[in-house]
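Number of protein chains: 2
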Amino acid sequence: MEQLFIIKIGGNIIDEETKLGSFLQEFASIKGKRILVHGGGKLATKLADQLGHPQELIGGRRITDAETLKIVTMVYAGYINKNIVAQLQARGCNSIGISGADGNTLKAHKRIHPEIDYGFVGDVDQINTPFLKELLDQQMAIVVAPITHDGNGQLLNTNADTIAQEIAKALSTSYEVRLIYSFEKSGVLLDVNDEQSVIRQINPSSYKKLKQQQAIFAGMLPKLDNAFTALDNGVKKVIIGRAEDLQQLIEGRAGTTIVNE
Amino acid sequence: MEQLFIIKIGGNIIDEETKLGSFLQEFASIKGKRILVHGGGKLATKLADQLGHPQELIGGRRITDAETLKIVTMVYAGYINKNIVAQLQARGCNSIGISGADGNTLKAHKRIHPEIDYGFVGDVDQINTPFLKELLDQQMAIVVAPITHDGNGQLLNTNADTIAQEIAKALSTSYEVRLIYSFEKSGVLLDVNDEQSVIRQINPSSYKKLKQQQAIFAGMLPKLDNAFTALDNGVKKVIIGRAEDLQQLIEGRAGTTIVNE
Chain A
232 MEQLFIIKIG
242 GNIIDEETKL
252 GSFLQEFASI
262 KGKRILVHGG
272 GKLATKLADQ
282 LGHPQELIGG
292 RRITDAETLK
302 IVTMVYAGYI
312 NKNIVAQLQA
322 RGCNSIGISG
332 ADGNTLKAHK
342 RIHPEIDYGF
352 VGDVDQINTP
362 FLKELLDQQM
372 AIVVAPITHD
382 GNGQLLNTNA
392 DTIAQEIAKA
402 LSTSYEVRLI
412 YSFEKSGVLL
422 DVNDEQSVIR
432 QINPSSYKKL
442 KQQQAIFAGM
452 LPKLDNAFTA
462 LDNGVKKVII
472 GRAEDLQQLI
482 EGRAGTTIVN
492 E
Chain B
232 MEQLFIIKIG
242 GNIIDEETKL
252 GSFLQEFASI
262 KGKRILVHGG
272 GKLATKLADQ
282 LGHPQELIGG
292 RRITDAETLK
302 IVTMVYAGYI
312 NKNIVAQLQA
322 RGCNSIGISG
332 ADGNTLKAHK
342 RIHPEIDYGF
352 VGDVDQINTP
362 FLKELLDQQM
372 AIVVAPITHD
382 GNGQLLNTNA
392 DTIAQEIAKA
402 LSTSYEVRLI
412 YSFEKSGVLL
422 DVNDEQSVIR
432 QINPSSYKKL
442 KQQQAIFAGM
452 LPKLDNAFTA
462 LDNGVKKVII
472 GRAEDLQQLI
482 EGRAGTTIVN
492 E
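Same order as they appear, the protein sequences are chains A and B. Under our numbering, the residues of the first sequence are numbered 232 to 492, in order. Under our numbering, the residues of the second sequence are numbered 232 to 492, in order.
Chain A with its partners taken away, still in its complex shape (with noise of 0.2 Å):
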């Protein structure tokens, strides 16, 4: 099968201008097939306090209520996703930016949770591969926002960590698919304060260790979840590391390797 890269750039990296052009420089020269799920960096943020609507946050996922909402859509499929494309084409990489409601790509329920009202988040249902590989078969590479919608003419706010997970496993039977969350660490640290402590590769009985040794900073655990939720579904690798390294990774020359076995 013809591989695929589905890359997760999140963390402040989108806020630093010189730190995101040499990742979409790296990006841009990826030979074959692939697609960029990014986060929000802080614009969102700092757009929903000069608005006076601060935001507010339950276990780290953002409460998205109507104007939270339309400022996630302005800030993630408008102002990011745009630039991001720009950037690209200036470096000779034909781009789509797309959010779930184009193309029906991304099909979300608004999220029912028994106690907390997370607002217009979305749970995704459904993807709709043959328009992915449409686009991938036009030699395109793919730029999504983490917005979604559900089919009723409503958009919602999802996370784009679960996002780059849920097109990974969707493709996984189409192609070879490698994940990539790149962020501002080195990998999965075994000193958080120490960039040279990465670990170089983790399985399930490494992680089973590493958990119960309390090893690993309590936030990487969901992105671990995570990655050995997307290999038991089909993906091939999975990659966790610094952005500006991305050629590395994709190399294995550096960061995390998670892998099932």
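Relax, there's no trap hidden among the hints.
Note that identical chains are pooled: a pair holds if it fits in a single copy or bridges any two copies.
Computed cross-link-like contacts, DSS-like style, restricted to lysine-lysine with a CA-CA straight-line distance of at most 30 Å:
#: 1; residue 1: K364; residue 2: K338
#: 2; residue 1: K416; residue 2: K468
#: 3; residue 1: K442; residue 2: K454
#: 4; residue 1: K262; residue 2: K364
#: 5; residue 1: K454; residue 2: K273
#: 6; residue 1: K277; residue 2: K341
#: 7; residue 1: K341; residue 2: K250
Everything labelled a hint here was simulated from the structure, so no lab data went into it. For clarity, every value in this text was computed on a predicted model and none was experimentally measured.
Start from chain A and add chain B according to the hints.
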């Protein structure tokens, strides 16, 4: 040749949920290929005011400084574009929302003017017609936000009427193009205060007379000049009329039809 409808929607209708909904219902029910080009309504101006960054207009054109470009990118390519797409999906019309950067659809250059610095305003140089045709062949409606790019990573603000006209001209070699400018008036009016005074048809010689008699509201003249330019460049028919009458405009039962002979 196959028919293609290119419909520009502008004016205040974008801000009015009910009117926009019934317009989109009619758009969704069009048989065959279609492209929707939208403006921004008053939302961009409102957001700019909220952010303490009031807009400057010269001759009806917004002066686009860096902050204004950010605002229009968020509002046009983000909020409005994605909401229209989600609304169309809800009406069973598969659609994709794009800016001019996506798929390298609309390449432009920053306007150079001897006296006025319009800022980040783009004049269109090149249209990626194969890409548009590819999307249309997938039976998707295309929803275009009036944002272009210069190929060097710079997004630009471009008038939506002009974009509709440029796309219409470019695609007229492949389709029998009907270009519809829809807005809040019933058509080109003899008396600007009387919605019943629609001029049903205008051709070059009647246009000349109407101009001499100063019978047409000055604000309509750029739209009409655009219409004749489009007809001179291969577009089959141009129709101007009220957005809510879309079906009747298409059938030639309402609005003003501009013809070349």
